[in-house]
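Undergrad: Below are the chains, spelled out letter by letter.
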Amino acid sequence: MRITNRLLALTILTAVATMTAAAATLQTGAPAPAFQLNSNAGKPLALADFRGQIVLLNFWASWCGPCRQEMPILEQLNRQYHGKGVTLLGVNVEPDSAAAVQWLKATPVTFPILFDTDSKVSSLYEVAGMPNTVIIDRKGLVRYIHRGYSAGAENDYLNQIRALIRE
Amino acid sequence: MLTSAGRWHLRIAVPALVLLGVARAGVLPDDRADLMYHRYEGGGLTVDGPSVLVRKKFGDHVSAAYNYYVDMISSASIDVVTQASPYTETRTQNSLSVDAIDGKSTYSAGYIYSKEPDYKAQTAFASISQDMFSDLTTVTFGYTRGWDKVGERGTTRNDPVDHHGWNVGVTQVLTRNLLLNLSYEATASQGFLANPYRQARFLDPTEALGYAFEKQVYPQNHSGNAGSAVLKYFLPWRAAVTGNFRYFSDNWGIRAQTGELGYTQPVGRAWTLDTHVRYYHQNHADFYSDLFPYAGAQNYLARDRELATFDSVVYGIGATWEYRVQRFAWLQKGTVNFNWNRMHISYDDFRDLRVQNVPPGTEPLYTLDANIFQAFVSFWF
Amino acid sequence: MLLAVAALALGACSPIQPWVKPYEREHLADPIMSFNPNPISTMYIEHVYETREGARGATGIVGGGCGCN
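Chains as they are written, first to last, in the numbering used here: chain A, 1 to 167; chain B, 1001 to 1381; chain C, 2001 to 2069.
The hints are simulated quantities; they were obtained by calculation from the structure and are not laboratory data. Idealized CB from N, CA, C, for every residue including glycine. Take the hints with a grain of salt, since some may be wrong.
Unchecked claim - With a Cα cut of at most 35 Å, we get these calculated DSBU-like pairs of lysine-lysine:
{"id": "1", "chain 1": "B", "residue 1": "Lys-1056", "chain 2": "B", "residue 2": "Lys-1149"}
{"id": "2", "chain 1": "B", "residue 1": "Lys-1215", "chain 2": "B", "residue 2": "Lys-1149"}
{"id": "3", "chain 1": "C", "residue 1": "Lys-2021", "chain 2": "B", "residue 2": "Lys-1333"}
{"id": "4", "chain 1": "C", "residue 1": "Lys-2021", "chain 2": "A", "residue 2": "Lys-120"}
{"id": "5", "chain 1": "B", "residue 1": "Lys-1120", "chain 2": "B", "residue 2": "Lys-1057"}
{"id": "6", "chain 1": "B", "residue 1": "Lys-1120", "chain 2": "B", "residue 2": "Lys-1149"}
{"id": "7", "chain 1": "A", "residue 1": "Lys-105", "chain 2": "A", "residue 2": "Lys-84"}
{"id": "8", "chain 1": "A", "residue 1": "Lys-105", "chain 2": "B", "residue 2": "Lys-1115"}
{"id": "9", "chain 1": "C", "residue 1": "Lys-2021", "chain 2": "A", "residue 2": "Lys-43"}
{"id": "10", "chain 1": "B", "residue 1": "Lys-1115", "chain 2": "C", "residue 2": "Lys-2021"}
{"id": "11", "chain 1": "C", "residue 1": "Lys-2021", "chain 2": "B", "residue 2": "Lys-1120"}
{"id": "12", "chain 1": "B", "residue 1": "Lys-1149", "chain 2": "A", "residue 2": "Lys-105"}
{"id": "13", "chain 1": "B", "residue 1": "Lys-1149", "chain 2": "B", "residue 2": "Lys-1057"}
{"id": "14", "chain 1": "A", "residue 1": "Lys-120", "chain 2": "A", "residue 2": "Lys-43"}
{"id": "15", "chain 1": "C", "residue 1": "Lys-2021", "chain 2": "A", "residue 2": "Lys-139"}
{"id": "16", "chain 1": "B", "residue 1": "Lys-1057", "chain 2": "C", "residue 2": "Lys-2021"}
{"id": "17", "chain 1": "A", "residue 1": "Lys-105", "chain 2": "B", "residue 2": "Lys-1057"}
{"id": "18", "chain 1": "A", "residue 1": "Lys-105", "chain 2": "B", "residue 2": "Lys-1056"}
{"id": "19", "chain 1": "B", "residue 1": "Lys-1115", "chain 2": "B", "residue 2": "Lys-1057"}
{"id": "20", "chain 1": "B", "residue 1": "Lys-1057", "chain 2": "B", "residue 2": "Lys-1333"}
{"id": "21", "chain 1": "B", "residue 1": "Lys-1149", "chain 2": "B", "residue 2": "Lys-1104"}
{"id": "22", "chain 1": "C", "residue 1": "Lys-2021", "chain 2": "A", "residue 2": "Lys-105"}
{"id": "23", "chain 1": "B", "residue 1": "Lys-1149", "chain 2": "B", "residue 2": "Lys-1115"}
{"id": "24", "chain 1": "B", "residue 1": "Lys-1104", "chain 2": "B", "residue 2": "Lys-1057"}
{"id": "25", "chain 1": "B", "residue 1": "Lys-1104", "chain 2": "A", "residue 2": "Lys-120"}
As the list claims (entries may be wrong) - Beta-carbon label-pair distances, calculated as ranges:
{"id": "26", "chain 1": "B", "residue 1": "Tyr-1263", "chain 2": "A", "residue 2": "Pro-95", "range": "23 to 29 Å"}
{"id": "27", "chain 1": "A", "residue 1": "Ala-41", "chain 2": "B", "residue 2": "Val-1168", "range": "17 to 23 Å"}
{"id": "28", "chain 1": "A", "residue 1": "Ala-106", "chain 2": "B", "residue 2": "Trp-1147", "range": "46 to 52 Å"}
{"id": "29", "chain 1": "A", "residue 1": "Gln-27", "chain 2": "B", "residue 2": "Tyr-1037", "range": "57 to 63 Å"}
{"id": "30", "chain 1": "B", "residue 1": "Leu-1096", "chain 2": "A", "residue 2": "Ala-41", "range": "47 to 53 Å"}
{"id": "31", "chain 1": "A", "residue 1": "Gln-102", "chain 2": "B", "residue 2": "Trp-1340", "range": "32 to 38 Å"}
{"id": "32", "chain 1": "A", "residue 1": "Ala-34", "chain 2": "B", "residue 2": "Tyr-1037", "range": "58 to 64 Å"}
{"id": "33", "chain 1": "B", "residue 1": "Phe-1141", "chain 2": "A", "residue 2": "Arg-162", "range": "41 to 47 Å"}
So here's chain A without its partners, still in its complex pose (with noise of 0.2 Å):
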């Protein structure tokens, strides 16, 4: 009995670890993929241009429902930070962006929004849930992903903005 429970056990964390590491190979402490998209600010934006910021990068779609929850929230956290070092990028992740326009008339927020519709970008973060979040720093290297948003990842957000900027 006691051998077949652990047998069952080391079958479950091998799986689980499998699992995990072959899901993320997007690894914190290495740079972060570099990219250039177009941006609802008429010119196209590269993660390049914002070397030296740390840069939040938040990929959504207007059908999710948990992404429009965050973007009031990720709106206020980047009134609160822009100008100190902090950027914001949304970046959109529908084939066709005339849906994202069309909510963002209604929802706007004060960050570029770039557009990212032949999701090279989505599958070179390897977006494995819908938000994702991505905190980048100063020298351009992954230090926290999050996937999915749930109330209260915003003070995650914050502390770790707050860690990053003390470097």
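Put chains B and C on the given structure of chain A with help from the hints.
TA: Then chains B and C, alone, in the frame of chain A:
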């Protein structure tokens, strides 16, 4: 007074998963309120009434829903008319369910209480749902338990019925445009399972009509299994087509197949139209007969038409109009919905006893046509 | 329990990655793709069918949709 609406209560309440709308893959259902008027008219039976559903989140991880439902029954159906006189009756049902989300798991539980003058039914249910494989797969396990008390007008009958059910389901994302759901459910009931008002018929040359009635005798237990598959496909011009197949079999000898095809088409920005057609076929229970050769011909006897061999075809259309009112910030959106279904049932071995001047067993086979209406308004907060 | 372990093991051992990415679930999240968009209506019509038919069960569905969170 004969409860031709008999079968209204001889059921485990429809499982909560359909009833109160469990969370969709990792997200709690939206807060909403629905107000409905429903009406069934057919075969001499009219049943109408309200249904009210309210759902609200409490915090970020819990959502609860409450439903108040009434059936006002006015019956002059074939069973009533051939064996007694028309009657009216009201059945009230109250349900409460709670869902809690914890990461990839959703836990649900609920309670339903249904009451009418000669039948009380209580149901409790619980289920666990787990998202896995990057949310492409959702697995659900559920358990249902019911306790009924069967009465009979004009007697002191108060017989218990116990129900047990368990179900398992898997929803799988097949492609960007295709969803599949597979469901299996096993149910078991024990106790007084017959409708006390309906009677079996046997040949009796000494009677004027050539036949007489006797009490039905049902087995004390009933267990069945059902398996279903539903596919939903997103069409490129933004429409959805649904295909549904279910197979049921039980230890009373009933084998039933259900097939349904549905189509949903949004029109413009505010309207959605949908249509469907459903075909159902069952063969009769082992102890069912429209006319037994003599009294007490079998240990178990039934002439309840719900246990007969029949085909049922339902087709219907529905329309939804969606609106948003900027002025009321608390109201995210609202809809107005209308729905009409027509049901046609043709029995292969249940005869229309309103026709009396023919030899017993040669009466025309019974057919039933019914109209089913739903009108409801929904508000999202 | 066994099913959960099997599911985990399958996920780990197989080289199959989720073939529909979270950011590709736009159509699946569309309200017209919901199995049960109006529970109050589904509840009622299933009740109408059940009270006239011998068959019961296997009508509940959970899952699909946007897969958010």
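Undergrad: What are the numbers of the hints that this structure violates, sorted from low to high?
TA: 8, 10, 11, 12, 21 and 27
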